[in-house]
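S.K.: The lines below spell out each chain.
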Amino acid sequence: MTGMKIEKISGKGVYVAGNDIDTDRIIPARFLKCVTFDELGPALFYDERFDTQDNSKHHVLDKAEHSGAQVLLSDANFGCGSSREHAPQAIQKFGFKAVIAESFAEIFHGNCTTLGIPCVTMVKTDREMIAKIIANDPDTDMIVDIEGLKVICGNHVFNVEMKDSAREAFLAASYDPLDTLLVAKSAVEETAKRLGYA
Amino acid sequence: MGKNLYQKVWDDHVVGQLESGQYQLFIALHLIHEVTSPQAFGMLKDKGLGVAYPQRTFATVDHIIPTTDQSRPLSDDMAEKMIQVLSDATEEAGIEFFAPKSGSQGIVHVVGPELGLTQPGMTICCGDSHTSTHGAFGCIALGIGTSQVRDVLASQTLAIDPLKVRRISVEGKLSAGVTAKDVTLHIIRMLGVNGGVGFAYEYAGSAIESMTMEERMTVCNMSIEGGARCGYINPDQTTFDFLQGKERSPQGAEFDSAVERWKSYASDADASYDDEIVIQAAEIKPTVTWGITPAQSISIEELTPDPEAVEGLDKDLINDALSYMKLAANAPIKGTKIDVAFIGSCTNGRLSDFEAVAKLIEGRHVASNVKAIAVPGSEKVDVAARALGLHEIFEAAGFEWRLPGCSMCLAMNPDKLVGDEICASSSNRNFVGRQGSPTGRTLLMSPMMVAAAAIEGHVADAREVFGLE
Chain D
1 MTGMKIEKIS GKGVYVAGND IDTDRIIPAR FLKCVTFDEL GPALFYDERF
51 DTQDNSKHHV LDKAEHSGAQ VLLSDANFGC GSSREHAPQA IQKFGFKAVI
101 AESFAEIFHG NCTTLGIPCV TMVKTDREMI AKIIANDPDT DMIVDIEGLK
151 VICGNHVFNV EMKDSAREAF LAASYDPLDT LLVAKSAVEE TAKRLGYA
Chain L
1001 MGKNLYQKVW DDHVVGQLES GQYQLFIALH LIHEVTSPQA FGMLKDKGLG
1051 VAYPQRTFAT VDHIIPTTDQ SRPLSDDMAE KMIQVLSDAT EEAGIEFFAP
1101 KSGSQGIVHV VGPELGLTQP GMTICCGDSH TSTHGAFGCI ALGIGTSQVR
1151 DVLASQTLAI DPLKVRRISV EGKLSAGVTA KDVTLHIIRM LGVNGGVGFA
1201 YEYAGSAIES MTMEERMTVC NMSIEGGARC GYINPDQTTF DFLQGKERSP
1251 QGAEFDSAVE RWKSYASDAD ASYDDEIVIQ AAEIKPTVTW GITPAQSISI
1301 EELTPDPEAV EGLDKDLIND ALSYMKLAAN APIKGTKIDV AFIGSCTNGR
1351 LSDFEAVAKL IEGRHVASNV KAIAVPGSEK VDVAARALGL HEIFEAAGFE
1401 WRLPGCSMCL AMNPDKLVGD EICASSSNRN FVGRQGSPTG RTLLMSPMMV
1451 AAAAIEGHVA DAREVFGLE
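Each protein sequence line maps, in turn, to chains D and L. If you count the first sequence from 1, position 156 lands on 156 in my numbering, and the numbers rise without skipping. If you count the second sequence from 1, position 263 lands on 1263 in my numbering, and the numbers rise without skipping.
Looking at chain L on its own, in the form it has when it is part of the complex (with noise of 0.2 Å):
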């Protein structure tokens, strides 16, 4: 019997098993950012413990970054100190730091790929639960407390019980208007928020492997949501292309060697899975939450659920849901009114993102009762757009065309809704208050919806909108 890519890189990281029952995992790569990690340093000085693989860390901020003016000190003081105490710890630590305007600094999920340094075959972690990212690699990438980050910063290894392998195959060809934002949303509805417990999520399946790269990290990057500690695609030459050349990857005649070794990390052919899952691409649409889970979605063609067709605890948690939302029972999403549009996030804030957006709002403006706001995910991403011209396009139809990080997908910056403002929105999460206000509503979509929403006031099927087919 042949193993499975989570099998095999587990195996290879596995230093030993602890008296607990768990298993001490040795970390390939260590990212960090400015609210889970500062608090890990105070607690190494605690115990009067460096850090042991300093060159295996790298540092950024990105959560709670400004996206109008980041020039320093930062109007909000307590932001500027968070910047601050990493900038400090990790220039004592001798850890790399990606420093606004150092070219390189973004959303910690967008730098580590466009650098090169999320590499097949690593154990990855990061005090962020979208680290499931960086699986789109063939890695096993795993989000972590603080806690953890300090034991990985001192030890380069975490103590951790071994995950179940789901493999979750999408069969087939996407519709046109259907993208990867849409597979992910469509399965978290399937299995539901916590349908992953326990698991990791091999994709696999011919819509999975046609993917490009930043299609499969809008899908492993949601297997959180569903519950997924984890998840992961198998490298195939579409890892190896997008990573040859890239600033951190390995170069020359070790890239050639580097690929021989990442190819032996996808699962066998008869490997075995804890649970198999079969979709159909063809019965994915585009999908819009309506609720306040990622798993409370429908396609744009459904109408919102009926409270009334369900029994007991069901029922209670649509009522409260719709009421949150302040949406009707049993009605057409379409056609929501919407105050924000948001394109950006660790999610849905790479370049191809706005590439495939801009194609569509070339043109067209953003209806006036909409506030548009487009956050590129690092400074490469904006670099890049800039260069192709994407941010006069998003301009010109009136977005505002923002500077790096994750903006509105957390609000932990001035980026926030007001009131009980409803925003479509290209992020990961419709939690109650996620947006930054304690009443503001979040529908999920992917970028292309949301540019549809933005420009028609409305949620709207970015299939007719844009005349796709």
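Extracted from the complex, chain D is given alone in its bound form (with noise of 0.2 Å):
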């Protein structure tokens, strides 16, 4: 399903702190056993928010000033790990429209523009200043700016980057290649027999 513009995305923000934090973090391997996305969106960041006992460990992601919030904010290489799709399916549903990040790993950052997650990757010093906007006041409203390549953030403009390609592809509203993918029908048999496959 080709989507809608994304232009712009506004709301309140959370900071999930740490480098590399992978794919078995944002949604660990026991919630992978379903046949639909449908219900990934509690799983997020599971075993980080709970203990073994389904007890809350008060997961920054579970305070009652962050509930709401849209975009998420984290360090380098988010998402590193695994192809699943189930890790950005969840940050979707548990409420997420943009991800901030020093970088990301490729497969996630791919997973998530089919979804319409932007991600953009911002400096340190700027996150470090943006957590503590959040922290201090958890309800400042955030604008990410897909087009102007900006977030701001209660007084403050940060310069943020993205790949053009994903940039190029949400303002088209192209970002689910799937519509695409299928106008070149006849060139793509031309490549399969070309090579043999078909």
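Derived from the structure by calculation, the hints contain no laboratory data. Glycine included, C-beta positions come from ideal geometry on N, C-alpha and C. Be aware that a few hints might be false.
Unchecked claim - To give an idea of the interface, some chain L residues facing chain D are shown, with a C-beta separation under 7 Å as derived from the structure:
| id | residue |
| --- | --- |
| 1 | Val-1015 |
| 2 | Gly-1016 |
| 3 | Pro-1038 |
| 4 | Gln-1039 |
| 5 | Gly-1127 |
| 6 | Asp-1151 |
| 7 | Arg-1229 |
| 8 | Ser-1264 |
| 9 | Thr-1293 |
| 10 | Met-1412 |
| 11 | Val-1432 |
| 12 | Gly-1433 |
| 13 | Arg-1434 |
Work from the hints to combine the two standalone chains into their complex.
M.R.: Take a look at the structure:
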């Protein structure tokens, strides 16, 4: 399904600190036992949020003041590990609409883009500043501006970067590429024939 | 200026450029399994689409399959349902399904190569990050998400940005007791878990060229742990010899002409690279992870890091990892007591892995404090190992010889660590909770080092335990 244009995302932010946060942490493998993605929201960061008896560990995502946050902030190499789309699906179904980090693992980034979750990168000092602003006032409005490549947080404006092709795709509402891929049917057939695959 | 393999395979398979700037890439071989693919069939249904090239997709089950009793229905209802959904969807679409007990079931990255489905010059996709394994044959082999599985099913193509290529040359001869696993752990330690982001890795150099195909698969398998989307090795005579006579390889005269084509994909001598690194094989030692990322590793001779010796974030990372692992700082990894030993996975669950270990453990026994399991990567590996009597050697040494599957690599089946058990593991990830217990601990190492740890009851130097020189 080709979605709507995504130019700006606004909402509250929450900072989940840590480098190399892997997809097993974002969603532990036991939650991958499913045949649809519908129920994955509550499983987000489950073992970080709950102990083995399902008691809350009072993780930042479960603090009342961060409830309803739509912008997830983290650190370097976010989403490393497996290709499980369950990870961005859980992030989206939990309520997040954009992710800001120092950097992203590649497959995770691609999965997010296809689902319409912009992943933007921001330097450490700026992320630290935003983390501080959010800590002081969790209700601070944030705007992730895809077109302008900026993040506005309270009275501050920060520069962000993102992959050109992803930015183009969000602005043109073509981040889910399936319809586009189906257009070139005859060119695909030719390629298959030329390579002896058909 | 010549081209490298990545550029050649890419150029051959590009259908065109998309408006976003990405390219549409034709996928020669698509592999699917029960965890990340059944949902894609549902997405296709929602859009009223069918499977465009069903003969280019192959399915198997590996992640959730039990390794003790695979009789159906499985005792886990959801696991049973996942297999059933995949089985029904593939049947409806006309996709070949390597079901349990078909003789061809196994870990998807073991099955493709052993059947000869994986061939040089192909673009290969699977909803699994360790698809990089297939790069050992000279392929662009990419892990993808479920929506992309849907895209490949519907169009046999992917929307994708090209990667840069880094050549990693490992020169010289590996020392005794040093394996392909140590090579890949060493590279990840050197370049970091995100050192490869944006890159395809070309593994080259005399140490790589002298590796068997199974060793090459181990190296390419863990490209993803180094952040690289894929890794590959140029096809050569070793590759062609491996493929000759395989069930799905071209046969007879067709094989000969295929070899000519396959050769043409190898990187040209004057090819250019975006980055180049040279590693001396002699510097690589048996390597063990101490932390919670695959780059947090040391040689068996070294001490765990000292957080006091570094500043800032690095200090926190080391402290967090050591505290999760319940390991002391600045202390030998050797001697760390283990509870579980696991040999298997798409990294090290092939016949040669079990052959190498069997030779070492014959006549010895696993320590009384250790639960040791050996899980063949596929039904074919199991059959071949049994024909050689390897299962008996493993069992006599105190290992459980299990049925094929991913097993304790990610513990989606009943094979899980309990509590904070610590596992010497031949798998590929030591993430927090990876082996099925939220507090479980993983030490990644080669199968040989797992065997040494199993026998001694603690992390040990395989070279000393087995007198390897």
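S.K.: Work down the list of hints and note, for each, if the structure agrees.
M.R.: We went through each hint and held it up to the structure:
no.: 1; hint: Val-1015; result: 5 Å, holds
no.: 2; hint: Gly-1016; result: 6 Å, holds
no.: 3; hint: Pro-1038; result: 5 Å, holds
no.: 4; hint: Gln-1039; result: 6 Å, holds
no.: 5; hint: Gly-1127; result: 6 Å, holds
no.: 6; hint: Asp-1151; result: 5 Å, holds
no.: 7; hint: Arg-1229; result: 5 Å, holds
no.: 8; hint: Ser-1264; result: 13 Å, violated
no.: 9; hint: Thr-1293; result: 5 Å, holds
no.: 10; hint: Met-1412; result: 5 Å, holds
no.: 11; hint: Val-1432; result: 6 Å, holds
no.: 12; hint: Gly-1433; result: 5 Å, holds
no.: 13; hint: Arg-1434; result: 5 Å, holds
Hint 8 from the earlier list is the only one contradicted by this structure; the remaining hints agree with it.
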